[in-house]
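Chains as they are written, first to last, in the numbering used here: chain A, 45 to 301; chain B, 428 to 827.
Derived from the structure by calculation, the hints contain no laboratory data.
There may be inaccurate statements among the hints.
Cβ pair distances, simulated, as ranges [unchecked claim]:
(1) MET794(B) to PRO85(A): 46 to 52 Å
(2) VAL594(B) to ARG60(A): 40 to 46 Å
(3) GLY264(A) to LEU564(B): 43 to 49 Å
Cβ coordinates follow ideal geometry from the N, Cα and C atoms, glycine included.
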Amino acid sequence: MSADGSILRLENVTRRFGGLVAVDEVSFDVRRGEVFALIGPNGAGKTTLFNGITGLIPPTSGTVVFDGADITGLKPHQVAVRGIARTFQNIRLFDYMSALDNVRVGQHSRMHAKVWDAVFKTPLERVEEREVEARAMQLLRFVGIERQAHNYARNLPYGQQRRLEIARALASGPTLLLLDEPAAGFTPQEKVELMVLVEKILDQGITVFLIEHDMKVVMGISKRIAVLDHGEKIAEGSPEEVRTNSRVIEAYLGKSA
Amino acid sequence: MIERVRSLPVWFRANSRNPNVIVYTCLVVGVLLYPTVVQFVNPDQSITLINTAADAGVFVLMAIGLNVVVGFAGLLDLGYAAFFAIGAYTYAMLASGQLGIAPIHHAVHLPFWLLLIVAVFVAASAGALLGAPTLRLRGDYLAIVTLGFGEIVPRLFRNLSAWTGGVNAISAIDSPTLPVWIDGPWDGAPFGIVHNLKFTVFEPVAYYLLMALLIFLCIIIVTNLQRSRLGRAWMAVREDELAASAMGVNTRNIKLLAFSIGAAFSGFAGCYFGAKLSTVSPENFSFLVSVTVLLMVTLGGMGNVPGVIVGALLIYFVQYKILGDLPHWVNGIGSAVGLPTTTVTKLSDLATNLNYVVFGLILVVTMLLRPQGLVPSRQRQEELTKGTHGGEVVDMRGAA
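Make a model of the complete structure from these sequences and hints.
Shown next, in the form of structure tokens:
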């Protein structure tokens, strides 16, 4: 843990796609134990930034520091092993696997069974499988969908799929959880439930970093917010500060005449 | 133990509608009874029939292996016969006089049982070797590269004639031996103990049982794998490679492992094939073999081990029995109806020529009636009966 309490630090992170600068010299810190939100109009580069952090599309330049170590350019699975888990804006579950198996896959990197253990069902494998199943069930209960354990992920209702994605992400035992628009398409009731769930995740000592469009959700749960517009960070601060920031208002509502 | 025996009928009643349980039960009973039944029903043909069943087993092994690659991990491999060739040549080179005439001038005769394991490792290594540079490709591109590999390997064996005998093939390959064997009605002989049994195709029960044992072993291995951390990772990669990697799955290694383990089963099959046929030639490993095995997997039920076994047995039966006998049938029917001899000959020639047309028709009809395969996995079943979500483009999950 770094001295200032930051768990994730972005330093001048830039991502170019040909001539387009999707993320432009963005820097900020996410502090341990907080809910940090990233907001901005569509196409501002929020998801690109998430992809940069998790190694799916590495940044063109700049550094990503996680837990005091430089993780820029690491492969996605290496980033996951270090303790960053994520969900996706357009849900990416393993459709033709049961909800339980989805969460089991989430625990993949925490498991130790090798090929031989699997082939011969060694005691190590059996014990581990039992633990993994128990933990997967526990996580499904945690997000409130344990009754769907044996259904295919694709057969779950939309809201439960989002919850399953969170359970799967939590399964890897992260210290930082990235949620990409977790409330998209939710009813007001579901949004409230989501906020409760985020609080519960926070209580487990997991830092939450989320992208969200719904201002009620963002303002309700985030401690600090950064705002992206056209790939640039235009503001950062407490919900109150961001709400009253003139550049933010301009980005969302356009310049007043 | 007694508890278990008592609960067996209960278990069976509970599972009697599960197609996988039915298939496995039929297979076990069928495999055990087959040699004896054949002796009584058709004693003249019994040797041929048992040999045919043992040969079909080679394809069952390969189908089980290819299912790991295509069915579990969703990687389309069109060059699977290459690993079969590598397994067969491993045995052929190390258990015959071949290396005596090769540049090292020293024949090697290692025992079958050891080479069975060696062949598995050699094939698995070849799988890893091929996989390493190619597995970053996906779908069609991977299929093309594996297709190339499938063509290269047999050619390599043909052209390295100083070592492999080239087109002349390697022959007089050692047969497996066993210190003790029990004779009985399944061999068409009275009960008795045989010492130093040498496997021969004239008393094929030993080969038959060896194959049954190999398949049994492979089913256990592959089922264990399917239900393990690895099996789940394979399926995750098949479903969504990107999400799998974000969940901490090292997708490159996992795919490599699928390729390698799939190849390993083919190593088993190849080693057995070489030993039983006693001759290994580059002609045995054509593209047709790869395609046939892929058909077995697809038609049987991709991703479902019992389904794949049924597919393998059925296609083998159609290809080698029905199509093989077709000209005879035509001949018989023609003569019975009283057609002139020249016409009958023409018709049976036509039947020979149309072999693959008939084969193709059988395949087309089966796939139209049961696109999910004969004994489908739950996943395939849902995919094809319910369709995919909201107009999303149907990806073929490696089935192409």
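Verification of the supplied hints:
{"no.": "1", "hint": "MET794(B) to PRO85(A): 46 to 52 Å", "in the structure": "holds, 49 Å"}
{"no.": "2", "hint": "VAL594(B) to ARG60(A): 40 to 46 Å", "in the structure": "violated, 56 Å"}
{"no.": "3", "hint": "GLY264(A) to LEU564(B): 43 to 49 Å", "in the structure": "holds, 46 Å"}
In terms of the numbered hints stated before, the structure departs from hint 2 and from no other.
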